[in-house]
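Asks: Spelled out from the first residue to the last, the chains are:
Protein chains: 2
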Amino acid sequence: MYFWENVNVVSLQDFRPGIKSRAEIGDRLIMALMEIGPGKEDPGHEHPFEQCGIVTEGTIEMFVGDQRQLLKPMDAYFIPAGAFHGWKTFGTAVKILDVSVKQA
Amino acid sequence: MYFWENVNVVSLQDFRPGIKSRAEIGDRLIMALMEIGPGKEDPGHEHPFEQCGIVTEGTIEMFVGDQRQLLKPMDAYFIPAGAFHGWKTFGTAVKILDVSVKQA
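Quick note, the sequences are listed as chains U and E, same order.
Quick note on numbering: this note's numbering labels position 102 of the first sequence as 102, and the sequence is numbered without any gaps.
Quick note on numbering: this note's numbering labels position 23 of the second sequence as 23, and the sequence is numbered without any gaps.
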């Protein structure tokens, strides 16, 4: 599938508890639409590859290194390789279109 | 900059005739916000790396291989490595958040 029409209505599959996803996995790039339920948190992790994306629905707090920001629809993020980062959702679900490098 | 607030109002710089851009260039990932003016066309090209993204404003026609689609805000695309692809804009400018693999 080369095109996803309206990412906010694309059907998703269970990925982890509280997170639904649909992904296009290429040789070096993974594009994933993620729906994260309310009241979820990733207190932080890091990985040796870059990751970026955009919020398409809802509100999510993200931090990268020592920068913390509340992201709304149309806000984008870029996480450098190795940067410690995490996120937290609030009362409603959030949708993000996330792109990361697939390790060789 | 780890966060871009509202990609549709982020300030852009001239990139090519009729195209403005702002990019975050990492080691392996390039995240670029592009504003393509009305009446522009890329009749097609290919490259040995993957590319994907989402339309955030306006309407653009894209083709990847033999699939052709009119993309509106919140429509996403994924271009496999080596796939011939191109695009065309119409009466108004278009904004896309585009992510591609940076060659090593």
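Check the hints yourself; a few may be wrong.
What the hints assert, rightly or not - Derived lysine-lysine pairs resembling DSS-like cross-links, with alpha carbons at most 27 Å apart: (1) K20(U) to K72(U); (2) K102(E) to K40(E); (3) K72(U) to K88(U); (4) K72(E) to K20(U); (5) K20(U) to K88(U); (6) K40(E) to K20(E); (7) K40(E) to K102(U); (8) K72(E) to K72(U); (9) K40(U) to K102(U); (10) K40(E) to K88(E); (11) K40(E) to K72(U); (12) K40(E) to K72(E).
Simulated from the structure, these hints should not be mistaken for lab results.
From a predicted model like this one, the values you see are computed outputs, not experimental measurements.
Asks: Kindly indicate which numbered hints from before are broken by the structure, ordering the numbers from low to high.
Replies: Hints 7 and 11 contradicted; others consistent.
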